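A.B. asks: My request is simple: use the sequences and hints to build the entire structure.
There are 2 protein chains.
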Amino acid sequence: MTQLASMGGDTSADFDDAGGGPTIAPTPYELGTPPGVLDPEELRLVDAWWRAANYLAVGQIYLMANPLLREPLQAEHVKPRLLGHFGTVPGLNLAYVHANRLIKERDLDAVFVAGPGHGGPGPNACAWLEGTYSELYSHIPQDARGMQSFFHQFSFPGGVPSHCAPETPGSFHEGGELGYSLLHAYGAALDSPDLTVFCVVGDGEAETGPLAGSWHAAKFIDPARDGAVLPILALNEFKIANPTILARIPESELFELMRGYGYDPHIVSGDDPGTVHQAFAETLETCLDKIAAIQQQARSAPSELGPDSSAPAWPMIVMRTPKGWTCPPEVDGQRVEGTFRAHQVPLPSAHTDSKHRAVLEQWMKAYRPEELFDDEGRPVPELLALPPTGTRRMSDNPVANGGMLRDLQLPDWRDYGVDVPAPGVQSHEATRVLGGWLRDVTKNNPTNFLTMAPDELASNRLQDILEVTGRKWEIGEGPFDERLDRSGRVIEVLSEHMCEGLLEGYLLSGRHGAFTCYEAFIHIVDSMFNQHAKWLQTSAQVPWRRPIASLNYLLSSHVWRQDHNGLTHQDPGFLDVVLNKDPSVVRIYLPPDANTLLSTFDHCLRSRHYVNVVVAGKQPQFDYLSVEDAALHCARGAGIWEWASNKDDVSTLPDVVLASAGEVPTLEVLAAASILRERLPDLRVRVVNVVDLMRLLPEAEHPHGMPDREFDTLFTATQPVIFAFHGYPWLVHRLTYRRTNHNQFHVRGYKERGTTTTPFDMVMLNDLDRFHLVMDVIDRVPALGARCAGLRQEMEDARLRARTYTREHGMDDPAVSSWTWQG
Amino acid sequence: MTQLASMGGDTSADFDDAGGGPTIAPTPYELGTPPGVLDPEELRLVDAWWRAANYLAVGQIYLMANPLLREPLQAEHVKPRLLGHFGTVPGLNLAYVHANRLIKERDLDAVFVAGPGHGGPGPNACAWLEGTYSELYSHIPQDARGMQSFFHQFSFPGGVPSHCAPETPGSFHEGGELGYSLLHAYGAALDSPDLTVFCVVGDGEAETGPLAGSWHAAKFIDPARDGAVLPILALNEFKIANPTILARIPESELFELMRGYGYDPHIVSGDDPGTVHQAFAETLETCLDKIAAIQQQARSAPSELGPDSSAPAWPMIVMRTPKGWTCPPEVDGQRVEGTFRAHQVPLPSAHTDSKHRAVLEQWMKAYRPEELFDDEGRPVPELLALPPTGTRRMSDNPVANGGMLRDLQLPDWRDYGVDVPAPGVQSHEATRVLGGWLRDVTKNNPTNFLTMAPDELASNRLQDILEVTGRKWEIGEGPFDERLDRSGRVIEVLSEHMCEGLLEGYLLSGRHGAFTCYEAFIHIVDSMFNQHAKWLQTSAQVPWRRPIASLNYLLSSHVWRQDHNGLTHQDPGFLDVVLNKDPSVVRIYLPPDANTLLSTFDHCLRSRHYVNVVVAGKQPQFDYLSVEDAALHCARGAGIWEWASNKDDVSTLPDVVLASAGEVPTLEVLAAASILRERLPDLRVRVVNVVDLMRLLPEAEHPHGMPDREFDTLFTATQPVIFAFHGYPWLVHRLTYRRTNHNQFHVRGYKERGTTTTPFDMVMLNDLDRFHLVMDVIDRVPALGARCAGLRQEMEDARLRARTYTREHGMDDPAVSSWTWQG
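These protein sequences, in sequence, are chains A and B. Residues 1 to 823 (the UniProt record's numbering) make up the first sequence, in order. Residues 1 to 823 (the UniProt record's numbering) make up the second sequence, in order.
Keep in mind the hints are simulated off the structure, nothing from the lab. Remember, predicted model here, so these are calculated numbers, not experimental data. Where hints are given, some of them may not hold.
No copy is singled out in the list; a pair is fine if it fits within one copy or between any two copies.
[What the hints assert, rightly or not] For lysine to aspartate or glutamate, the following DMTMM-like pairs were computed, each having C-alpha atoms within a straight-line distance of at most 20 angstroms:
| id | residue 1 | residue 2 |
| --- | --- | --- |
| 1 | K104 | D289 |
| 2 | K219 | E251 |
| 3 | K355 | D813 |
| 4 | K104 | E42 |
| 5 | K443 | E42 |
| 6 | K290 | E71 |
| 7 | K751 | D582 |
| 8 | K443 | E710 |
| 9 | K443 | D271 |
C.D. replies: Dropping the structure here:
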């Protein structure tokens, strides 16, 4: 650092008590008028707006009263618990005010993504200065009273979080967990040709894996059809307690890294506000010029992909300014400004320690609030006039509030259904059938529906989508590539984080999509899912937030069919993670065949503001339900399959209920029912299938929850229930433990017994196979037991035979694999 | 691609039936003798070994009989299900054989990490050629019979997975999920100054976030004290169905990226084996020379960190060779070699289609097995003599089998315990107390214990460790940094993936460590945890695998104390993820105070082959148990706290059991017990605390599981149990649903109600507060009810008062927060 602006010099509160209200004078840190693209007047105003935003940020962190410091600062004005992060705020505010200047000058349609965690006071302050805050929250007008409420609510019980959140006007990126800013920014830019996303990336979050990988997201941006992202890497050197990697490597190395990622890096560096303002203003102009040139060229002469294609070198900015810039340089003899100590609250004892409080007062007064706010506490007219107006304000841009949302044109899924002459006889690959429908969804919605896959689109059998589009790709094409396309409607990249993050950005700005993934590896984005679910939960409580399209997962290549991948690829536990989130925003579906999958996915694409998890098979599997029956069954979510039941009618209780949820468990339940029907023809067997897992929950716990009475009708209040479940078995107990008949629920599922083996061997390893289910029935139905010892032994023998066959032949015994339902 | 070696030319099986056994002749692809560092004889042998490894890889994928092709290839020789990935194998084998040459020449202590997924056939083949496979698996001798078993078992039911796995000799890196190869490699290199890790990174996995971030791991490698990693980026251009990003950006851009990451990149590119052999041999020599020079310089004159410090530019290799190199160039008129179609099985119908089978036979014979294996099927003497011997073989290096493991020198935790004159009166920050002990653990074990944190060491109150060491850091130091050190014993980087991956590599090679993380964000590594748990589970079944030290998580900054971070930082669901893994390898502890935390962590650091999850508080919290009591309580895992119970003795049943697990729930349970004692002095209240969550499971389901009899003694078989739990409440139901008294379990926990608020407001939001627990008791104990309507109302009022106070003052009502236990 060459020279730090002294902020503590002039502490005299110099209220203009003459008529005419305050005017904005030169700053105490001798702003000067360094030459540059800003004329002195512009510079003065930009700086004043920046000072105001910084003042409002400090106020949020510290004050609960006396917002304009018009009384001497007392302990009771300062919050008892000081919570918030100032370190990154001045950088955010700097980027914001300069973005505003060019939005106005160029009439840009722009949004702002604040990547640095807990930088909330910055964007909050900007939104208040722009007036949006007061428009959305009537208790926070743009005056002294509003300022007081605005300060008070920040990181205060019942108030707003310290990071950008659903409550933050103009934000569509939660600042809680780090690493996803660029992905959300690029996701919003997709299919938004006129949008510019200013995305500030923290140098802390830049260390995360997801962020490190996501710089490559620019390679999926088509300058002709998509908008632009301008990444601004905020290099303020410090995290909570440590320096950051990118700040400590030589600048030349950082530039190589950015060029290696495909960017054209620019740097703005310094700690003198005037100089930095000029440099940032000029650099921003240059970058926006370059973006415009890239887009203009692509839009005037769109080019095909070819061997020498390369994504344009999009500009990006490295903004190297001090951590906690403009905060007290030293506190208690320790350097603060420009160090990790400025990360959070630079004066942690301001409530209790009068010396800290005096420094706080000096610090805040150094921004000269008396010039920035009038007697009523309103921003002075010059400041009010500075930002753009209406929806050109980034805090009011509808894009940040799902504003691009419109309904999908969905073809009738019934037209894509398979004929089912009889249940359990013909087979289809369920996801392949769905792919046919998704192909036409893609075709019908050419600018607002995308499918994401980590190199697994075809592996999960959705390749029919590629009949109408290609895979989005902007860099070199080789002679043996297939279906790459600059404007493709499918994004494939071997990063679950990137698939998830781009889709989230796309949804949050108001579009639709699906993410297809191997079931086990969706755990890679557990934490991103958590954050998105929390965003949905909270934003549903924010009155001005609009519902967005649901996040739809299609998980295939699931636990039961990892024939050669083995244990590492066997994990159905994402369902357990999903169930922990607020019931109002999560849904789980386990369609057992092709037609139920179609019906389910149609429902998901029509829904709003949920996370829908659909687990489906990609291998050939029996069709059970006709289109009509599938529609009915999915509407019910769970129901009796009378055709598969035996001697079951409403007038008498069944001896046993065989229930299933999931493709493979349903097959085994039906095979078990078939054995029972043949061998114990008098046994009353009810077969129940569950598509919508949330139906199992009590009515009070989930909107889809089944009333007890209905549940008891389905599963009985007294009879044994053998439940074959797709995932970990205890999940069903977790859903049903309040039910009357829970003690009779006996659940089979995946219990972490896996390896490289055949499908039937897998179900045997986990005691989910048909033979074991029959044994379970014998063990649980009191009337059976000893009478069926012979049948039980036969089942044991059948398991042994099947196991031996598999070990010898490397495939399932045809006696098992060629089974079909005999109606 | 300039020129592809023709592999299909000579298909005549030319067995040497004259005396003297086979000799290795020139290859059919006209190896030639391009000039280079290998003399013609060396080149011939290196190439022969490579051919042998490739042959053995193809054999694994296709054959179940006729391994040496000494009979015409028939359908019954070919596996009915062809599973495996050939695409990446020739590259892996190339790197392996060249590494071997220099291991021998320079007597290197080296291990091999195969990053590309499903490349298992390659390292398997190398281990078989080196003899290790046969030494470890007696049913797979190094002859024709062994080769047949070796082929047969691959991706076959009851056999081995298609990727590197615990069963793979010399592997400590599971090849199932992608993205962690560099982290495991660097983790193994830490504190292993003489170790060289050859780490092949797939260009597919290079797209993942974790891998993209982990290139920076070199910045934590001290050339004086740590070993070296040589990354070899296998750029074969394709994933399952798509090109890779790094293969399609200009080479100059890729080089900038690698230089930006801090490396000194070298490239070997081509498809002519002879030329590539020469180039790779020479490049490998150059890189190892550079590594040696870096290490020699650092070790001869160790330097302090300073402003201009920079990590050395470690060499790395870009290896650009065709996907499926040496496989049939075309199949069914479609290009295969060098395209994504070579990713998995190039001839998918070889079992059923005689034309495919004929091509397979040609392909395998083109490696000329008759020169490579003698009449008995043993590798010919020249091949046997080629690799290094004993533990210099990478397949037999003990490092890859936890070989560096030795016990930790643990100071007696009792000496670090806090004095507890009476329970619930004095307070300590539990993790701060633990930090004192960990400081001395660190000091006592200067080369085999590391602590990892995503910038949260001090935030989680473990800063005392920094009294004896610094934070490991090899790049520039600034004037305001604190406790950075080239040889620090703490690694802080804002990437949970990097913390986890480095620690895994460190543990897998036989060292010890801990990972401290914010509770909510440990979800970021859910999937890495899953994979590590699966590795532990499987490796415990592999007889020659040694147990390794446990992976110890210390989760703090937990759900109940996110005062200013709010909902985004509130997620205790990692416990649910952990519980899904095999019970033999997972443990969860919830110590309620400082001494129990000490005792727990001591136990964890002594344990082997587990994942231990410890959730503890960092804020001041009451001490309850003396050192002696803590030791006893932790040994039991769960027990009655008699001092907190009321009128509870063994001869009579309590009226109610108040149980807790976790710091904050325990506080609330004690406060509730205190209210009940005062207000309902005749009520028999038993207070139970659970430290070891697995104790709740049935005996048959977990090694720590409590027998039913003991469980019923603790929780009764008939009385209401109000259970206050740290995490999501249904988790306790999942653990206890089989117990006699489960219907009487009433669990309070976190139910996704969170925001920016005070600690007591948080427990109120989730009905876990003391007042609500008292209400629960009134509602559940039949004898109370109407008689206690007044008390119930008081509790409601107390909640309202507390809530109002918080909203007004921004802090908890002192009436609540100043509560202490009155014994």
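A.B. asks: Take the hints in turn and mark each one as holding or not.
C.D. replies: Hints, verified against the model:
1. K104 <-> D289: within (15 angstroms within a copy, 58 angstroms between copies)
2. K219 <-> E251: between (24 angstroms within a copy, 16 angstroms between copies)
3. K355 <-> D813: Neither. Shortest intra-copy (82 angstroms) and inter-copy (27 angstroms) distances fail the 20 angstroms Cα cut-off.
4. K104 <-> E42: within (13 angstroms within a copy, 70 angstroms between copies)
5. K443 <-> E42: Answer is neither: 49 angstroms inside a copy and 58 angstroms across each miss the 20 angstroms cutoff.
6. K290 <-> E71: neither (49 angstroms within a copy, 67 angstroms between copies)
7. K751 <-> D582: This pair counts as between: shortest inter-copy Cα distance 8 angstroms, intra-copy 26 angstroms.
8. K443 <-> E710: neither (41 angstroms within a copy, 63 angstroms between copies)
9. K443 <-> D271: Intra 52 angstroms, inter 41 angstroms, cutoff 20 angstroms: neither.
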